[in-house]
Amino acid sequence: MIRMRLAAVCFSALGLTLLAVPAAGATQQPSQPLYAVAYGSGADLMRIVAGGRAQIVRVIPPLHVAEVRPNVAGFAQSMHSLAGVRYVERVVMRHVASEPALFPTSSSGAPYEWQYAASHEDAVPSAVLHAAGAVKIAVIDTGADLSAPDIAAKSPWTYNLSTGGADVRDVNGHGTFVSSLAAGSVENNDGVAGFGGDAQLLVIKAVRDDGSLTDLDEAGGIMYAVDHGARVINLSVGGPATSATEQRAVAYAAQHNVLIVAAVGNEYTMGNPVEYPAALLQPVGSRGQGGVGLSVGASTSNGSRAFFSNVGTQLSLVAPGMDVFGAISSLSSAEEYPRSTLAGSAAGFYGYSSGTSFASPEVGGAAALVMAANPFLRARDVAMILKQTASGRGSWNPEMGGGVLDAAAAVARAQGPNGLVVHGVRSGKTFRFQWFSAGTPKYRVSLRVDQGATRVLLDGTTATSVTVKVRKRHRYSFSVDALDANGAVTATTPFSYRA
Numbered sequence: 022m023i024r025m026r027l028a029a030v031c032f033s034a035l036g037l038t039l040l041a042v043p044a045a046g047a048t049q050q051p052s053q054p055l056y057a058v059a060y061g062s063g064a065d066l067m068r069i070v071a072g073g074r075a076q077i078v079r080v081i082p083p084l085h086v087a088e089v090r091p092n093v094a095g096f097a098q099s100m101h102s103l104a105g106v107r108y109v110e111r112v113v114m115r116h117v118a119s120e121p122a123l124f125p126t127s128s129s130g131a132p133y134e135w136q137y138a139a140s141h142e143d144a145v146p147s148a149v150l151h152a153a154g155a156v157k158i159a160v161i162d163t164g165a166d167l168s169a170p171d172i173a174a175k176s177p178w179t180y181n182l183s184t185g186g187a188d189v190r191d192v193n194g195h196g197t198f199v200s201s202l203a204a205g206s207v208e209n210n211d212g213v214a215g216f217g218g219d220a221q222l223l224v225i226k227a228v229r230d231d232g233s234l235t236d237l238d239e240a241g242g243i244m245y246a247v248d249h250g251a252r253v254i255n256l257s258v259g260g261p262a263t264s265a266t267e268q269r270a271v272a273y274a275a276q277h278n279v280l281i282v283a284a285v286g287n288e289y290t291m292g293n294p295v296e297y298p299a300a301l302l303q304p305v306g307s308r309g310q311g312g313v314g315l316s317v318g319a320s321t322s323n324g325s326r327a328f329f330s331n332v333g334t335q336l337s338l339v340a341p342g343m344d345v346f347g348a349i350s351s352l353s354s355a356e357e358y359p360r361s362t363l364a365g366s367a368a369g370f371y372g373y374s375s376g377t378s379f380a381s382p383e384v385g386g387a388a389a390l391v392m393a394a395n396p397f398l399r400a401r402d403v404a405m406i407l408k409q410t411a412s413g414r415g416s417w418n419p420e421m422g423g424g425v426l427d428a429a430a431a432v433a434r435a436q437g438p439n440g441l442v443v444h445g446v447r448s449g450k451t452f453r454f455q456w457f458s459a460g461t462p463k464y465r466v467s468l469r470v471d472q473g474a475t476r477v478l479l480d481g482t483t484a485t486s487v488t489v490k491v492r493k494r495h496r497y498s499f500s501v502d503a504l505d506a507n508g509a510v511t512a513t514t515p516f517s518y519r520a
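For the sequence shown, counting from 1, position 302 maps to 323 in this note's numbering; every step adds exactly one.
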């Protein structure tokens, strides 16, 4: 592999890639062509490979898609006339970082975790950081070094897409760095703190043993993450083309209220191409409006756009991505990834790196905090809040999107003026009233129907919901008091519903 020109303590794993830079003349294409075939039933799948005309590489059951390696000429054409085949397409390779994108990184002279102050992550209330323990972030990448202190402290769930097992050893290093930024422990007083507070971490290793990565690997990772409880998915991968399978996986996540965050790309100086899946999340031409996820660019320590960060109408916002500090895998090449220990740290290796790959997990971590601050928000609401509270404060431009991530402002917007959020859902003849406040031990809940007397439904409760019967043409006025340990009211939020 081309050796990365590195300053001491630094490495430069630029790119949306999950892979290291290949040696001259190397290719990431498999030795034989691979196809994605969407089928209707198990019997249809058997017909696709009947007679040995193709070998199944993997199956993504929820999507009814199989990745196959043909053994006969004209395979794709023959599929179009086969009953039960919905579509057939070549797999889309996810690109690796190209040599012109590499540059030596170095500490800016700022505090080594400058990215937290730059995004106001350090101003997020500790109660919200702890409440994020109810949110799971999935990182689909090269795996992770589970011995890294910041990752080990999270006891992450793990899954290897190639083997179906739990071994996610990261010999590349990219995934470890990304995971430490998304959800590194904030409780172990060691190394680097992640942006997601106490959020749970699901590490999904998507790179195959031969070093390749396709859209089907990505789609399989998305499906697994959604089906195993992730609320946020980070994708620091990309390529210049999309596919039906990738689009269906992204839609599956959106339908299940899961927020995908992806890097916009590092090729500004190489033609500024549109990258996928980022451009599926924030579509080209959307100018920050709508979308089903977040497309993230990189900013510098002074709040400007990093020179390599792609621009365009598909950009949602930016986050620190130039010389950011993170954890380095002990299994990665020490020659290609020089590492350093920290004074007072018992274990672990750390360094600086640059790329939109590392801005994306910061936004993913912040998304988990917004969800923790208000668990009633939909994924699309969380995305909107993060865009609107970025440094542009509602404005947008193709260089910076909505501006630089402001985690504290996003959390404050999600909580409302007093930090006590409420929500209600009608179901038939009943109404379920819900409430939440990070760090609040007990609540008092009152109800008044129309102009009648107010009655206390719950007092000193730790419950976060109550269900009442409702009748048409009546108004139900709820009130929730947050109580401290001594029973004193710290916040009150009213809520009114007309049946």
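Worth flagging that the hints you see were computed from the coordinates, not collected in a lab. None of these values were measured; they are calculated from a predicted model. Do not rely on the hints blindly, as some may be mistaken.
[Claimed, not checked] DEER-style ranges, computed between Cβ atoms:
1. 185 <-> 475: 19 to 29 Å
2. 402 <-> 54: 21 to 31 Å
3. 277 <-> 510: 36 to 46 Å
4. 147 <-> 451: 46 to 56 Å
5. 483 <-> 519: 41 to 51 Å
6. 515 <-> 185: 22 to 32 Å
7. 483 <-> 451: 19 to 29 Å
Glycine is no exception: its CB is placed at the ideal position from the N, C-alpha and C atoms.
We went through each hint and held it up to the structure:
no.	hint	verdict
1	185 <-> 475: 19 to 29 Å	violated (57 Å)
2	402 <-> 54: 21 to 31 Å	violated (42 Å)
3	277 <-> 510: 36 to 46 Å	holds (37 Å)
4	147 <-> 451: 46 to 56 Å	violated (36 Å)
5	483 <-> 519: 41 to 51 Å	violated (29 Å)
6	515 <-> 185: 22 to 32 Å	violated (51 Å)
7	483 <-> 451: 19 to 29 Å	holds (22 Å)
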